[in-house]
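Peer 1: Chains as they are written, first to last, in the numbering used here: chain Z, 1 to 112; chain R, 113 to 327.
In case anyone wonders, no lab produced these hints; they're calculated from the structure.
Accuracy of the hints is not assured; some may be wrong.
To be verified - One side only, chain R facing chain Z, incomplete, derived with CB under 7 Å:
#1 Glu-212
#2 Gln-215
#3 Val-272
#4 Arg-276
#5 Lys-290
#6 Thr-296
#7 Thr-297
#8 Asp-300
#9 Lys-306
#10 Arg-307
Claimed, not checked - So these bits of chain R aren't anywhere near chain Z, every CB distance computed over 10 Å:
#11 Lys-188
#12 Lys-285
#13 Asn-313
All values reported here derive from a predicted model rather than from experimental measurement.
Heads up, the beta-carbon is just placed ideally off N, CA and C, and yes, glycines get one too.
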Amino acid sequence: MLLVTFSKIGLDKDSRWDMVTETELFKVIQELIANIIKHAQARNVLIELIADENMLYLTVEDDGIGFDLADNTRHRFGLNNIEARLSILGGTVSFDSQTDRGTTVMINVPTA
Amino acid sequence: MFPQHSAMITIIILDDHQLFIDGIVHSFSNDPEIAVTGFALDGSSGLAMIGEKLPDVVLLDIDFSKTRENGVDILKSIRKLPQSPKVVVLTGHCEASLIEQLQREGANGYRLKNIDMGELRQTILDVYSGEMVFKYDSKLANENRNLFFDTPPILSDRAVEIIRLLSQGFIVKEIAHKLGIAETTVNDHLERTKRKLGAKNNAELVYLAGKSGVI
Chain Z
1 MLLVTFSKIG LDKDSRWDMV TETELFKVIQ ELIANIIKHA QARNVLIELI
51 ADENMLYLTV EDDGIGFDLA DNTRHRFGLN NIEARLSILG GTVSFDSQTD
101 RGTTVMINVP TA
Chain R
113 MFPQHSAMIT IIILDDHQLF IDGIVHSFSN DPEIAVTGFA LDGSSGLAMI
163 GEKLPDVVLL DIDFSKTREN GVDILKSIRK LPQSPKVVVL TGHCEASLIE
213 QLQREGANGY RLKNIDMGEL RQTILDVYSG EMVFKYDSKL ANENRNLFFD
263 TPPILSDRAV EIIRLLSQGF IVKEIAHKLG IAETTVNDHL ERTKRKLGAK
313 NNAELVYLAG KSGVI
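All chains, please: the whole structure from these sequences, using the hints.
Peer 2: So this is what it looks like as structure tokens:
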């Protein structure tokens, strides 16, 4: 079982963004979670959303087996797909992982 | 004093203020749906009572000044019980990092103590039916971000590692090299951590992290 925790900073229940941003980010999160289920052997996932006036910072962090960043991460995490989605939004993605210490995916999307 | 109410939503109150407990007990004394089946003025006896009475919902305070207990720790202990109830945190503290921590530790609700009895009642009903009820003034919570009460902000091990290296005088490029990650990755960690701690720049981040005992 995967325990998903959602944490948010700087936004409330009524915070909304344009439809493209919301839809693409939703799909990105969906894809990341699917990847975690498929590959990570994680028990916990943290989805964290931080918003300020200009940016949305999305973090998806798991406590799974992680991977060696020197490996071909693009193939492994469907990064191309995610990068394609983010390019629509003018956003960026970075990965951090260590073997047996989980994986953190950090996505920045401009909102202003 | 507390009769069995098998068909009702049973609640237990953990709060170190007797008057506050009395008020809730009194106002639910004739409630058709909610029955207070117990209360405790400290965490350890509260935990024992929860384990014994198996309430549906626990109303949990954060500050137990007399026993120096913390509601977040009590919540963690509640979550380790074999039959863990729904937990609504009732506190005077409106602070973003506390709220985030409560969400992470599996609280089902968070309300400030300035709500009225009707709102409390509705919160209990909503949480009992499976909803998450976190209501607070997010602006106030963010303003209070740096007022650490008992709960330090939640930072990943990696974030702490990076702040520690910053505090030792390493620059981003060196940190990236040391950890075998990209510079943008280091910066992504830093941007997030700065926002969590309310720091304007890396220097303030190191200062705040040191002050709050994170590094």
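Peer 1: Now, for every hint given, state plainly whether the structure supports it.
Peer 2: Results of checking the hints against the structure:
{"no.": "1", "hint": "Glu-212", "verdict": "holds (5 Å)"}
{"no.": "2", "hint": "Gln-215", "verdict": "holds (6 Å)"}
{"no.": "3", "hint": "Val-272", "verdict": "violated (13 Å)"}
{"no.": "4", "hint": "Arg-276", "verdict": "violated (16 Å)"}
{"no.": "5", "hint": "Lys-290", "verdict": "violated (13 Å)"}
{"no.": "6", "hint": "Thr-296", "verdict": "holds (5 Å)"}
{"no.": "7", "hint": "Thr-297", "verdict": "holds (4 Å)"}
{"no.": "8", "hint": "Asp-300", "verdict": "holds (4 Å)"}
{"no.": "9", "hint": "Lys-306", "verdict": "violated (10 Å)"}
{"no.": "10", "hint": "Arg-307", "verdict": "holds (5 Å)"}
{"no.": "11", "hint": "Lys-188", "verdict": "holds (14 Å)"}
{"no.": "12", "hint": "Lys-285", "verdict": "holds (15 Å)"}
{"no.": "13", "hint": "Asn-313", "verdict": "holds (15 Å)"}
When the structure is compared with the earlier hints, violations turn up for hints 3, 4, 5 and 9 and for no others.
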